[in-house]
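K.L.:
What follows is the residue order along each chain.
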Amino acid sequence: MVNDGTPDVEVVARVLGGDGEAFGILIRRYEPGLLRFATRMLGNPDAAADAVAESLVRAYRHLAQCRDPARLRSWLYRITGNRCRSHLARRHTTDIPLSEAPATALADGTDAWAALERREQVALVERALVALPAEKREAFVLKHVEGMSYEEMAAVTGARIPTLKMRVHRAREALLEALEEAYDESN
Amino acid sequence: MSPIDPRLQEALDGERDPGTLPADLRDAYERLTGAARLLAGTPRLSVAARVMAEIRQTTRSEPAENTLRRALRWLGRPRAVTVRLRPVWTLALAAGLTAILLLPFQVGSLPTPGEAEGVAQFVGHFPGARSVEVVGSFNDWSRGMLHLNDDDGDGIWHGAAVLPAGQHEYMFVVDGERWVPDPLAGRYVDDGFGAGHQNSLLIVRPTATER
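Keeping their order, the protein sequence lines are chains F and A. Residue numbering for the first sequence follows our numbering, starting at 313 and increasing by one per position. Residue numbering for the second sequence follows our numbering, starting at -10 and increasing by one per position.
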């Protein structure tokens, strides 16, 4: 997260006061996380980029509707999550699963062999993740990749905390099983 | 899919020290947290330039219409009022509204709506509120443009505006911070941000069809 010391509330006030360029501060601050979240949700970096771009434009246009600018991050993730769900609902069959997408989509290590090994590991985990139902995938990513509390996840998804805990628990079980199967096959 | 040990779930939820887990559960813990770390790679993509270009385009094509021009348009017109009443609250508000309708400033003091415009009156019961305003799709959800009044301090806040004919979403903002839907709206629509919040829905009919 980019943090130039200016609280979100102040940046939002500047944008609403007519300084549209200040929205760039918010983009720099939240774009990496939103792209990571959307990429994990959609399994396709291009579709994720579209979803995040559309979400940020929508957020700009409706910024005055953000009821609590101090929780801007949750609001942006909520909009992006909605875009992802819409995308998944009308998903094109031509979408490329992330595991088949160009490997440059994610940052890799400096050592070529280590990078290859890491990419294989990433692909394995991505396959397990993408096999989860969207709600469980979202819950796991928000909790363990984006590092959110259950309270913030509730603000993002609109789901109740016990429901989210159950989704995260089920996602862990499914992922662990898939990872152990893959581990057993490789040995 | 088999359930995993509750102690592992607790450790993953940060409610238990992972160091206290037995060896097999600690392996599973490492496997899951390791998977999460692998998924945390930062994408090399950026949509910043694309988003800012679209924002600048939006700003150029809608210069200041959202604030100054609309405010002047609203303030500069003579006024007349029509009232929308819904069954809920009707009895409680009837006496107050009757008095409101008889106030001279409202009759003939609203802008004369154009053919593709209509008049909407907003009424809300907010006892003890210090301010109430209306934000909606017709003013880009901007605050400070449509304030309701409660001149006699009875908790019934009211105001009117000429709006383009058609469907508008709106909310009341009470005391500058509390967003509440209009209990009299009768129609509501999901606000599209996924947390189950609903905006009030208003349909403005063109004045031309009422004449």
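It cannot be assumed that every hint is accurate.
Derived list of chain A stretches under chain F, where covered just means 3 residues or more per stretch with a C-beta under 8 Å from a C-beta of chain F [what the hints assert, rightly or not]:
1) 115 to 124
2) 135 to 146
Sample of chain A residues at the chain F side, in silico, Cβ under 10 Å [to be verified]:
3) P(-8)
4) I(-7)
5) R(-4)
6) D6
7) L10
8) V36
9) A37
10) V40
11) E43
12) T47
13) R132
14) M160
15) R167
16) Y177
17) V178
18) D180
Quick caveat, the hints were computed from the structure, so don't treat them as lab data. Heads up, the beta-carbon is just placed ideally off N, CA and C, and yes, glycines get one too.
K.L.:
Taking the least C-beta to C-beta distance, is A/L10 closer than 10 Å to chain F?
P.N.:
violated (14 Å)
K.L.:
Can we keep the A/D180 interface hint, with Cβ of chain F closer than 10 Å?
P.N.:
holds (7 Å)
K.L.:
Against chain F, is A/M160 within 10 Å by beta-carbon distance?
P.N.:
holds (8 Å)
K.L.:
Would the hint on A/R132 stand, with a C-beta cut-off of 10 Å toward chain F?
P.N.:
holds (7 Å)
K.L.:
Minimum Cβ distance from A/E43 to chain F below 10 Å?
P.N.:
holds (5 Å)
K.L.:
Minimum Cβ distance from A/V36 to chain F below 10 Å?
P.N.:
OK, holds: A/V36 within 10 Å of chain F, min 4 Å.
K.L.:
Taking the least C-beta to C-beta distance, is A/P(-8) closer than 10 Å to chain F?
P.N.:
This hint holds: A/P(-8) lies near chain F, its Cβ roughly 6 Å from the closest one there, short of 10 Å.
K.L.:
Cut-off 8 Å, C-beta pairs, minimum 3 residues; does the coverage of the region 115 to 124 of chain A by chain F stand?
P.N.:
Result for this restraint: violated, n = 1.
K.L.:
Holds or violated: the hint that A/V178 contacts chain F, with Cβ atoms closer than 10 Å.
P.N.:
violated (13 Å)
K.L.:
Closer than 8 Å Cβ to Cβ for three or more residues is the test here. Does the region 135 to 146 of chain A pass it with chain F?
P.N.:
violated (count 0)
K.L.:
Was the hint right that A/R167 lines chain F, CB cutoff 10 Å?
P.N.:
holds (9 Å)
K.L.:
Grab the minimum C-beta distance from A/V40 to chain F and call the hint holds if it beats 10 Å, violated otherwise.
P.N.:
holds (5 Å)
This entry does not satisfy hints 1, 2, 5, 6, 7, 16 and 17, going by the numbered hints stated previously.
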